[in-house]
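**Q** Read off the chains here:
2 protein chains.
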Amino acid sequence: MNISALLTSSGINTAVCAVLFSLYSILRKQPSLVSVYFGQKLAQVRSKRNDPFWLQRFIPSASWIVKSWVASEEELFATGGLDAVVFLRAVVFSIRVFSVAGVICLFLVLPLNYFGKEEHKHIRDEQLSVFTIEDVKEGSRWLWAHCLALYVISSCACILLYFYKSITKMRLAYITASHSHPSHFTVLVRAIPWSQEESYGVKVAKFFTDYYSSSYLSHQMIYHSGAVQKLMTDAEKIYNMLKSNSMDQHYGSRLLRCGFCGGTSTSFKILSPEPENGRTTSCLDSPDLREKECGVALVFFRTRYAALVASEGLQQPNPMSWVTDLAPEPSDIYWSNLYVPYRIFWIRKIAILVAFILFVTFFLIPVVFTQSLVHLDKVEKIFPFMKDITERRFMKQLITGYLPSVILMIFLSIVPPIMMVFSTLEGSISRSGRKRSTCIKVLYFVIWNVFFANILTEAAIDHYQDSIMKLGDPKTIPNQLAKAVPSTATFFVTYVLTSGWASLSCELIQPFPLLYNSFYRFILRNKDDSSYGSYTFPYHTEVPRVLLFGLLGFTCSVLAPLILPFLLVYFFLAYLVYRNQILDVYVTKYQSGGLYWPIIHNTTIFSLVLTQIIALGVFGIKRSPIASSFTIPLIICTLLFHEYCRQRFHPVFKKTPAKTIIDMDREDEHSGRMEEIYQKLPSAYFQINSESRSLGKSLELNCPEIQANSRETGNISRLEDLETPGKMSARLP
Amino acid sequence: MNISALLTSSGINTAVCAVLFSLYSILRKQPSLVSVYFGQKLAQVRSKRNDPFWLQRFIPSASWIVKSWVASEEELFATGGLDAVVFLRAVVFSIRVFSVAGVICLFLVLPLNYFGKEEHKHIRDEQLSVFTIEDVKEGSRWLWAHCLALYVISSCACILLYFYKSITKMRLAYITASHSHPSHFTVLVRAIPWSQEESYGVKVAKFFTDYYSSSYLSHQMIYHSGAVQKLMTDAEKIYNMLKSNSMDQHYGSRLLRCGFCGGTSTSFKILSPEPENGRTTSCLDSPDLREKECGVALVFFRTRYAALVASEGLQQPNPMSWVTDLAPEPSDIYWSNLYVPYRIFWIRKIAILVAFILFVTFFLIPVVFTQSLVHLDKVEKIFPFMKDITERRFMKQLITGYLPSVILMIFLSIVPPIMMVFSTLEGSISRSGRKRSTCIKVLYFVIWNVFFANILTEAAIDHYQDSIMKLGDPKTIPNQLAKAVPSTATFFVTYVLTSGWASLSCELIQPFPLLYNSFYRFILRNKDDSSYGSYTFPYHTEVPRVLLFGLLGFTCSVLAPLILPFLLVYFFLAYLVYRNQILDVYVTKYQSGGLYWPIIHNTTIFSLVLTQIIALGVFGIKRSPIASSFTIPLIICTLLFHEYCRQRFHPVFKKTPAKTIIDMDREDEHSGRMEEIYQKLPSAYFQINSESRSLGKSLELNCPEIQANSRETGNISRLEDLETPGKMSARLP
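As you go down the protein sequences, you meet chains C and A in turn.
Yeah, the first sequence ends on 733 if you go by this note's numbering, and it's all consecutive.
Yeah, the second sequence ends on 733 if you go by this note's numbering, and it's all consecutive.
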């Protein structure tokens, strides 16, 4: 690929971006698309807006950019939660680091690379590799500059990472601020052992009154979800049972819980057995209800600290029974996985691990195909029939400059949904946990399949006579990387252009919701704004993307600095776009409380160390013992820094400090808020909510009463579970 | 190595063993050596026995074998603790598995190996390799027998491992039975933050009365240990201070603690600040005492459960301050590491890890030297000058059959002391933890440096033209192993003979204590029996040894079954010898409570899987696709079994179940034992004990009172800290 091909590619992409950004600025002003571009606002206030200025509505404007730029971190925290803040901090971190890297690499390293060899063609026909370290002569005295740049970038990254210890403080502040969260008081108990004599509910009550008598408040059993028909018949049965049972008057709202509307006795109810009162009702022992219990319960405690203690310890000598975890927030809990028996999760996890490894391995095929397109001239030598196709100049530029990363992008778009299925099957009890687990999987996937696979394919194609044999040899891997990274940099530049820039435009335009909205509005002729659901932020695709570009930036910075301007543009656009999306589009139904930060931190350190190792290999190849020997202490220092951060900051993301929790408890006790919280606790978790969407429709057919009630809550329940695996598939229900 | 060389070697070893065993049966009857061979008894009752039968004392007898054989597991538990029982179970496990393996391999696999090729020399001159799988022809139909044997051995091992779930029960029973252990009520707090205004002691009291007000009982600060002179002056100062302070009458025995004798006010004391009474004495704030405090405290709780909870959670937002762990038993606590600031341990751990890796790597040199001696004929080709030395038949047999493993043994004997130093520096807070950590290090070391290094050296020497290049290639490692293991089996047979059998004789005779005793008695003319200290069982050398022989047994069983009879003899002797040693020789001052079992379990599974992978490689080389494809499900099943055990049994070895602990607390509360325990708690931990030996002598010179008191306790305190790193060095103080 030469300079003109790069210019073609960047020209196409800049144009596409400009068009799409302008298109977005127009589309967002259309009142009919408010559900697509203002999901966040819509969730807050469901008011229609009628914009009377017709002309202005069709003129592109930059107002959204200004709005997104001026928004403060508090606003973002209020709308997007801590996760959004953490994610944007990662983007800001990248901007800062790569600004420093850009200055030093473009003004110091790039000229050295370019003037490393004396002979040069006209700049327009120059291959991109002249800007990489490949052009520096062996044993050159100028390699100290590369080493210096490496030091500056590494120190800068480490210092910035250390200053982000404020994220630990933010997490603590987030915990402290979440006074009303019922999850702090709740422990999810799984794998309650089965016995013939007692129901699960009685067992839970006995166990916790026995061992946690001072702090146990009450509990709520989880019931099996069956098919709609089954639930319907159950609903009827329970309704009849309750009607004939006068006990329900005694227990009042605590015992009766309605999945849809509140407390009307005609709709579907869940029973909360509370035998600690000593009044085990006959209906609780009825075989019908007992069969529905699934060995899982939510146990409420009097203090947050008691819940924390109960969730952290091992309850029983058998570690596979009475498994306790802190419960997720009511909106965060992933009900479907609670019905699955706990004892099969360990085997599921192993199966998923194997499936993941196989998937990642076999995904190499499209990646190799893509990479072979970039190196068309080399592939031609292997397959001579390709020459006929590539003789035209424009075709060649298109194929080498644009097509490969588009193909890769299409292949990659199916990955997040599959990873989401994997994470679901793994048995996460919370939606945020599932998304986080997906994020990690997608991250591994892209690092392996975009970064390493491309580099190794490059290495294999370059020296296809001898290298394939040695490819697996661990001793030669640093050298292989050192040889391959500078020459793969060309591809990575185009990848940043296409995948990076284009993905941001795509993110802004939201093509799938747009199409769905149009389909819904113009084909189905439905004018209701609220008919279209809103989504949570797709951290599982966006965090890995930002981190992948970070990895590309670090590894290429010293070796092929030409990537940095494109990356900086990407990160700057990403900053604007993601802020806009968080403020306007996505709804925050649940959050992990900043648990994405350890992923970001670890990946950044990994990228840094990998960069240093590759640089070590390059310095070795270029026969510069001084630069090599200066790189080794840098690697050691980076690893030590990482270990220190792991010791100092990481535990707070794993466990909640006792002091913080006890202080919160005290504050609430002093202010008398505790009683209020206790009253809200038993009604906090509605199991049936998640099934209300499918159940709702069938119920509505039968009960006119429910029809009236559900009109208010229907939308919310419809929003509730739209989140099917992956962003793409979610948008095409 | 041929059959006659093997017979020479086994002849020498059997003779040596028989002589040493007889010698032991004589030596143990000598009254003068009672301190060497009856340390355990001596620790219980310090009575002299005078054996009048002079003749019988010099006739070898088998009485010790009978006694060791008939001892019940309860007796062993009573004298050796749970660790001894677990260790002996590992030996019994090996006997059982290798009995089954021996039957199937010697009667099914060995004949098939031998008759794999038709031509045979006279049996006496036959090379040992004819009994290995090397002799089976490629594509032989008889390889199913090897596969069957592999299945039988693997299933047998897994079933036996599963039945050892009783060890989990034993651990729980051990916890339940240890009612009087003060460690259950005690939490060790490290990294207490420093402040100008308050002393550590005041801080601890404030923190725990604040956050654990309902369960906090009292605490005890840990003071810096200085040189003897420094302590002496301190003792005087404190003594004077207390004399002038009338407060000590109020606090009584709780406030004053004597390191040597009890409560006499003239000897050395430690203060236990108890400001929760609101009576912070002036002496606690004195700068002298404050300077001695080292940010570490033992905190006593009212219930075991409260201590457990406090030890498990994260106390503060800063995870590197207020670090809590359950305290070890008073006799188990490793005081020296408590004086080290907590914040440097993470960097020490990394340094030790690096040092360990370097040590293990550079230890390859003696191993390669050893292994080259076994393959003298091959080495001769490389270095022709060796021929002159090896032309004599006896010399050759000695060099190939005996010398290599003796050299290796000598080199290996320096490893445990070094590993013990490593583990000490790592910062273990308990002696048992330090020993366990050493055990793991020695285990990694022997598996890598005895097993893998030998095999890979073998592979390198065998094909030294081309193999060294490919040695690091991960894809060829299974094949390399498959080729090398059968031919290294010869060396492993001699290793079992020399290192295994000889180490047992050595263990029985206890040469170093014997020499030391003789020196003490006949050169120094000291007739006092109690002058010689007794030792705890060297698990850190013996557990790895038994597990290494297990690994050798598993990997060689199917491929070179000739090793099995020798191994069985070894394990049977080990069973007798170790039982005898536990009953008679070693004192149990502290124990880990069966924490060696996870190490044993994991290593056994590792050995099994490695065996299966090597077998897979061998079946591949022998072109038997059926046997290969049958081996893969076996590997998967073994790994699944391991994962199940890890889920089901392992957590009990990491955390104590809340139910067990709460039940214990209740039982004690009901029986009224709690008050008694509370009274004993504050005096349970004597920091000064560990320094009493060195301090004692100097104090005795000054204070006649202490001289009298220390006569009773002096022996015990002298026994207390004899355990210097490693067995060897410990026996040569």
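In short, the hints are calculated from the structure, not lab data.
Mixed in with the good hints there might be a few duds.
One copy or two, either will do: identical chains are not told apart, so a pair holds if it fits within one copy or between any two.
In the DSSO-like style, the derived pairs of lysine-lysine whose C-alpha atoms are separated by at most 30 Å in a straight line are [unchecked claim]:
(1) Lys165 to Lys203
(2) Lys396 to Lys292
(3) Lys589 to Lys622
(4) Lys117 to Lys29
(5) Lys169 to Lys203
(6) Lys206 to Lys29
**Q** Run every hint past the structure and note whether it holds.
**A** Each hint, compared with the structure:
{"no.": "1", "hint": "Lys165 to Lys203", "verdict": "between (44 Å within a copy, 26 Å between copies)"}
{"no.": "2", "hint": "Lys396 to Lys292", "verdict": "neither (64 Å within a copy, 78 Å between copies)"}
{"no.": "3", "hint": "Lys589 to Lys622", "verdict": "neither (53 Å within a copy, 60 Å between copies)"}
{"no.": "4", "hint": "Lys117 to Lys29", "verdict": "neither (54 Å within a copy, 87 Å between copies)"}
{"no.": "5", "hint": "Lys169 to Lys203", "verdict": "between (40 Å within a copy, 23 Å between copies)"}
{"no.": "6", "hint": "Lys206 to Lys29", "verdict": "neither (59 Å within a copy, 61 Å between copies)"}
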